[in-house]
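Trainee: What follows is each chain in one-letter form.
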Amino acid sequence: GAGVSQSPSNKVTEKGKDVELRCDPISGHTALYWYRQSLGQGLEFLIYFQGNSAPDKSGLPSDRFSAERTGGSVSTLTIQRTQQEDSAVYLCASSLSLAHEQYFGPGTRLTVT
Amino acid sequence: QKEVEQNSGPLSVPEGAIASLNCTYSDRGSQSFFWYRQYSGKSPELIMSIYSNGDKEDGRFTAQLNKASQYVSLLIRDSQPSDSATYLCAVTRSSNTGKLIFGQGTTLQVKP
Numbered sequence: 001g002a003g004v005s006q007s008p009s010n011k012v013t014e015k016g017k018d019v020e021l022r023c024d025p026i027s028g029h030t031a032l033y034w035y036r037q038s039l040g041q042g043l044e045f046l047i048y049f050q051g052n053s054a055p056d057k058s059g060l061p062s063d064r065f066s067a068e069r070t071g072g073s074v075s076t077l078t079i080q081r082t083q084q085e086d087s088a089v090y091l092c093a094s095s096l097s098l099a100h101e102q103y104f105g106p107g108t109r110l111t112v113t
Numbered sequence: 001q002k003e004v005e006q007n008s009g010p011l012s013v014p015e016g017a018i019a020s021l022n023c024t025y026s027d028r029g030s031q032s033f034f035w036y037r038q039y040s041g042k043s044p045e046l047i048m049s050i051y052s053n054g055d056k057e058d059g060r061f062t063a064q065l066n067k068a069s070q071y072v073s074l075l076i077r078d079s080q081p082s083d084s085a086t087y088l089c090a091v092t093r094s095s096n097t098g099k100l101i102f103g104q105g106t107t108l109q110v111k112p
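In the order they appear, the protein sequences are chains Z and P. Just so we're aligned, residue 1 is where the first sequence starts under this note's numbering, counting upward by one. Just so we're aligned, residue 1 is where the second sequence starts under this note's numbering, counting upward by one.
To be clear, the hints were calculated from the coordinates, so they are not data collected in a lab. Owing to the predicted nature of the structure, the values given are computational and were not obtained by experimental measurement. Take the hints with a grain of salt, since some may be wrong.
In silico EDC-like cross-links for lysine to aspartate or glutamate, where the CA-CA straight-line distance does not exceed 20 Å [said to hold, decoys possible]: (1) Lys-67(P) - Glu-3(P); (2) Lys-2(P) - Glu-68(Z); (3) Lys-15(Z) - Glu-85(Z); (4) Lys-99(P) - Asp-24(Z); (5) Lys-42(P) - Asp-24(Z); (6) Lys-99(P) - Glu-3(P); (7) Lys-67(P) - Glu-15(P); (8) Lys-57(Z) - Glu-68(Z); (9) Lys-57(Z) - Glu-20(Z); (10) Lys-67(P) - Glu-57(P); (11) Lys-56(P) - Glu-101(Z); (12) Lys-99(P) - Glu-101(Z); (13) Lys-42(P) - Glu-101(Z); (14) Lys-11(Z) - Asp-24(Z); (15) Lys-99(P) - Glu-44(Z); (16) Lys-99(P) - Asp-78(P); (17) Lys-99(P) - Glu-45(P); (18) Lys-42(P) - Glu-44(Z); (19) Lys-99(P) - Glu-14(Z); (20) Lys-57(Z) - Glu-44(Z); (21) Lys-99(P) - Asp-56(Z).
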């Protein structure tokens, strides 16, 4: 079946602009996660959604970052007033439910100039 | 001390040999353990999950978990050049969270 999809695959933006990254999870998966991977920082958790529960936002690095999940499916990660340190690969993953195996999408490479 | 630690490598093994990748974690209450493979420029791909002490085998891969010693390992038998990648160890603290905590990864090189 179809895996996790993300768009765009690449995004170049100017410092100070807002960006939106989209994730479409595997059908039937109730949990959706956002991570980012940058050189020197490894893979770090940002936020996850599980069903109708309040999201765990504990990994968001600043209030410039926000995410929503509409209808229990597609999710959008928004970064406002982008900074150069936001440059990274943003990865989305989904799982059947919490603590189950997570499957990653191809990622969005964000470059802030 | 990092919560999940891996030797960054590179670990170099000849084709056909057994590659042994190790990971230690600091939170004794950690519940679930995963190994991901990541090729350069690609996203992580799940290889194995393990939840209880002992060994779990899947094809050429064996995951080993020892909660008392707080380590988890991945053995790759009959290593192939196509196994050359970075291997990421990931842990969840409890069954009530999906937050994966990743190690920095071990780079494996399998030489023909």
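Trainee: The structure should be examined with respect to each hint, and the outcome stated for every one.
Mentor: Hints, one by one, checked against the model:
For the hint linking Lys-67(P) to Glu-3(P), the alpha-carbon distance of about 14 Å falls within 20 Å, and the restraint holds. Of the pairs offered as hints, the one joining Lys-2(P) and Glu-68(Z) is violated, with about 30 Å between alpha carbons and a cut-off of 20 Å exceeded. Distance hint between Lys-15(Z) and Glu-85(Z) is fulfilled; the C-alpha atoms sit about 10 Å from each other, no more than 20 Å. A hinted pair counts as satisfied when its Cα atoms are at most 20 Å apart, and Lys-99(P) with Asp-24(Z) qualifies at roughly 19 Å.
This hinted pair checks out: Lys-42(P) and Asp-24(Z) have alpha carbons roughly 18 Å apart, not beyond 20 Å. For the suggested pair Lys-99(P) and Glu-3(P), the alpha carbons sit about 13 Å apart, so the restraint of at most 20 Å is met. Our distance criterion of 20 Å between C-alpha atoms is broken by Lys-67(P) and Glu-15(P), whose separation comes to about 31 Å. Under the criterion of a C-alpha separation no larger than 20 Å, the hint pairing Lys-57(Z) with Glu-68(Z) is consistent with the structure, at around 11 Å.
Of the pairs offered as hints, the one joining Lys-57(Z) and Glu-20(Z) holds, with about 17 Å between alpha carbons and a cut-off of 20 Å not exceeded. Only pairs whose Cα atoms come within 20 Å are accepted, and Lys-67(P) paired with Glu-57(P) is accepted, the gap being roughly 18 Å. The suggested pairing of Lys-56(P) with Glu-101(Z) holds, with an alpha-carbon distance near 15 Å, which does not exceed 20 Å. At most 20 Å may separate the alpha-carbon atoms for a hinted pair to count; Lys-99(P) and Glu-101(Z) meet this at roughly 11 Å.
Between Lys-42(P) and Glu-101(Z) the CA atoms are separated by roughly 18 Å; this keeps the pair inside 20 Å, and the hint holds. Between Lys-11(Z) and Asp-24(Z) the CA atoms are separated by roughly 17 Å; this keeps the pair inside 20 Å, and the hint holds. Annotation: proposed proximity of Lys-99(P) to Glu-44(Z) holds, straight-line Cα distance about 9 Å (limit 20 Å). A hinted pair counts as satisfied when its Cα atoms are at most 20 Å apart, and Lys-99(P) with Asp-78(P) does not qualify at roughly 33 Å.
A threshold of 20 Å between alpha carbons decides the hint, and for Lys-99(P) with Glu-45(P) the separation of about 17 Å falls inside it, so the pair holds. Of the supplied pair hints, the one linking Lys-42(P) and Glu-44(Z) holds, its CA atoms being roughly 16 Å apart against a limit of 20 Å. With a C-alpha separation of about 31 Å, the suggested pairing of Lys-99(P) with Glu-14(Z) is violated against the 20 Å cut-off. Restraint check for Lys-57(Z) and Glu-44(Z): the C-alpha separation of about 12 Å stays at or below 20 Å, so the hint holds.
In summary, the hint linking Lys-99(P) to Asp-56(Z) is supported, as the alpha carbons are separated by about 9 Å, within the 20 Å threshold.
When each numbered hint is compared with the structure, violations occur for hints 2, 7, 16 and 19.
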